[in-house]
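Student: Each chain, written out:
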Amino acid sequence: MKKLINDPLKVADELIDGLVEAYDGDCVKVGTRSIIKTEIPEGKVALLIGGGSGHEPIYHGLVGTNIADGAACGDIFAAPPPDIVLEATSAVSRGKGVLYLYGNYAGDVMNFDIGAELCSEEGIEVKTVLITDDVCSAPAESKDQRRGIAGLVLIVKMVGAASQSVESLDELERIAKLTVLQTRSVGVSMSPGSIPATGKPTFEIDEALIGLGMGIHGEPGVSEIPMTTADDLTPQMLDLIFKDFADDSDVDELKEGDEILLFVNSLGATTMMECLICLRKAKEYLNERGILVYDTIVGPLVTCQEMTGISFSVTKLNDELKGYWDLPCESLCYTKL
Amino acid sequence: MPKESLDVSESLGMVKLLARKIIEAEPILTDADRNLGDGDHGLGMQRGMTAVLEKLESESFSDVKSIFNATGMAMMSSMGGASGALFGTLFRSGAKTLAEKPVFDASALSDFLVAANEGVQARGGASPGDKTMIDALDPAANESLKSKDLPIDEALEAVAAAAESGRDQSKDMIAMMGRAKTLGKKSVGHPDAGACSIAIIFRAMADFANN
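These protein sequence lines map, in sequence, to chains A and B.
Take the first sequence: its position 52, counting from 1, is numbered 52 in the numbering used here, and each next residue is one higher.
Take the second sequence: its position 70, counting from 1, is numbered 70 in the numbering used here, and each next residue is one higher.
Excised from the complex, chain A in its bound form (with noise of 0.2 Å):
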């Protein structure tokens, strides 16, 4: 793999520089590995996120107006260390309480629950709500364990959105809840992305294949199944999110006249011509269902290098969620007008 990088240890401290000067002048880089907003106003319920770097745009390019207030970085693929993410919640902080809100993966979780101790002994006030869009990683019935996938992006969207005008810590935490619940992923792999330090692939997976299901680092799926085109593969997808919706008994079933935001992502290699050519299937696919698609993303947000593969995420709309999505907002890897 030709790599334009420089010392492979120090990818993800380099690619954060980088970010900064990219947010030219409205986000900063704190401590070791924090972007912080420039501008967060006194008195403000923060919006903490983060995770691993590598899957660039995200998370820290969710971080700017109405949107994240902060994202606390770890190195590629791992989690922040505890002492990044109490000094990207001491710089997020304006006496309001902070609310983590991250894919649920083990070493995120056991970071950011220490980081949420130190804070706690500082007198900051941290609540926490995971990610768990992706309805391949665990049934319906224990979705508290599932992993958080592309479909991130619409949620910290909309919550980033609630959190420039909510009272308190509880009523974000809400409303970051409700837009878990309402959204749900499913992605695919075709072959993986590579460690940059080690040069080594994520995972191996056979060229005739497709990894239904899989995680964007290469975590199981629920099946391999033959290669096949966009249209055999996006209607079977959406099969899945549909199931899901209807399997859960936390949740209505996606019926005619719903209205859904619906993005379609790139892993990382797959083209934006390949995610054209899923949307239009896909929007197909709904029109004939009746339902409704009031605002689309399609694009390369959340990745894993070189890695093949697309997601479909949607989230259920209803009139409040819709309020979080109208708002414009402005951030490197995902802007509204």
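A portion of the hints provided could be inaccurate.
[Stated by the list, open to error] Residues from chain B shown here face chain A by an in silico Cβ test under 10 Å; the list is partial: (1) S77; (2) A85; (3) R92; (4) R123; (5) I174; (6) M176.
[Stated by the list, open to error] Lysine to aspartate or glutamate pairs mimicking DMTMM-like chemistry, simulated, CA-CA at most 25 Å apart: (7) A:K2 <-> B:E54; (8) B:K96 <-> A:E121; (9) A:K10 <-> B:D38; (10) A:K243 <-> B:D38; (11) B:K181 <-> A:D144; (12) B:K181 <-> A:E204; (13) B:K186 <-> A:E224; (14) B:K55 <-> A:E204; (15) A:K10 <-> B:E118; (16) B:K185 <-> A:E224; (17) B:K55 <-> A:D7; (18) B:K181 <-> A:E141; (19) B:K96 <-> A:E87; (20) B:K55 <-> A:E125; (21) B:K185 <-> A:E125; (22) A:K200 <-> B:E26; (23) B:K181 <-> A:E224; (24) B:K96 <-> A:E122; (25) A:K336 <-> A:E259; (26) A:K10 <-> B:E54; (27) B:K186 <-> A:E204; (28) B:K181 <-> A:D113; (29) B:K96 <-> A:D206; (30) B:K101 <-> A:E204; (31) B:K185 <-> A:D206; (32) B:K96 <-> A:D144; (33) A:K200 <-> B:D31; (34) A:K127 <-> B:E118.
For the record, the hints were derived by calculation from the structure and aren't laboratory data.
Glycine is no exception: its CB is placed at the ideal position from the N, C-alpha and C atoms.
We have chain A; now place chain B onto it with these hints.
Tutor: What follows is chain B alone, placed relative to chain A:
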């Protein structure tokens, strides 16, 4: 002549030795993790223990508690990921029991290990038998309770043997946590990499006290 306890300076020497032994063992730990995990445990532990050595050599310590606390913090800060949190928790949870203790004796060792074992299990959610670091740490903590009245060199020898035996027994277990869990029965036959690290740590501590 048995050694009853270690003073602050000896405890510092012991932790530095265990750090060096883990750094030396990087290829062994990498191999162990490649069989079951994503192969990054050896490099992670090497990075953590290099940070520990730097911290222990750049600061001065007046008590045993702060040596272990600094060790835990250095591992957490430098390693990241689950193993940074778990090994950091091990040393920090253990250190909390050492307040006001001027020396490190078998009773302090036992308090340390029991709290470390509880702390790591609470943090990571693993239980004995899940094929994790707990499978070396839990027998070590149990052994330490029986060795409370022994001189420290003998207690550490018993604890190290228990950890090594636990590591060996982890070979026959089916992984229930982490990435290895997805291997199911295929995980049988290899020891857990975290359990290997625990065994190396206690072997180094015992060797220090016995020389």
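Student: Decide, hint by hint, whether the structure agrees.
Tutor: Verification of the supplied hints:
no., hint, verdict
1, S77, "holds (5 Å)"
2, A85, "holds (4 Å)"
3, R92, "holds (9 Å)"
4, R123, "holds (6 Å)"
5, I174, "violated (16 Å)"
6, M176, "violated (13 Å)"
7, A:K2 <-> B:E54, "violated (34 Å)"
8, B:K96 <-> A:E121, "holds (15 Å)"
9, A:K10 <-> B:D38, "holds (20 Å)"
10, A:K243 <-> B:D38, "violated (32 Å)"
11, B:K181 <-> A:D144, "holds (18 Å)"
12, B:K181 <-> A:E204, "holds (17 Å)"
13, B:K186 <-> A:E224, "holds (19 Å)"
14, B:K55 <-> A:E204, "violated (39 Å)"
15, A:K10 <-> B:E118, "violated (35 Å)"
16, B:K185 <-> A:E224, "holds (20 Å)"
17, B:K55 <-> A:D7, "holds (23 Å)"
18, B:K181 <-> A:E141, "holds (20 Å)"
19, B:K96 <-> A:E87, "holds (23 Å)"
20, B:K55 <-> A:E125, "violated (30 Å)"
21, B:K185 <-> A:E125, "violated (43 Å)"
22, A:K200 <-> B:E26, "holds (18 Å)"
23, B:K181 <-> A:E224, "holds (18 Å)"
24, B:K96 <-> A:E122, "holds (18 Å)"
25, A:K336 <-> A:E259, "holds (18 Å)"
26, A:K10 <-> B:E54, "holds (19 Å)"
27, B:K186 <-> A:E204, "holds (16 Å)"
28, B:K181 <-> A:D113, "holds (23 Å)"
29, B:K96 <-> A:D206, "violated (50 Å)"
30, B:K101 <-> A:E204, "violated (51 Å)"
31, B:K185 <-> A:D206, "holds (22 Å)"
32, B:K96 <-> A:D144, "violated (32 Å)"
33, A:K200 <-> B:D31, "holds (15 Å)"
34, A:K127 <-> B:E118, "holds (24 Å)"
In terms of the numbered hints stated before, the structure departs from hints 5, 6, 7, 10, 14, 15, 20, 21, 29, 30 and 32, listed from lowest to highest.
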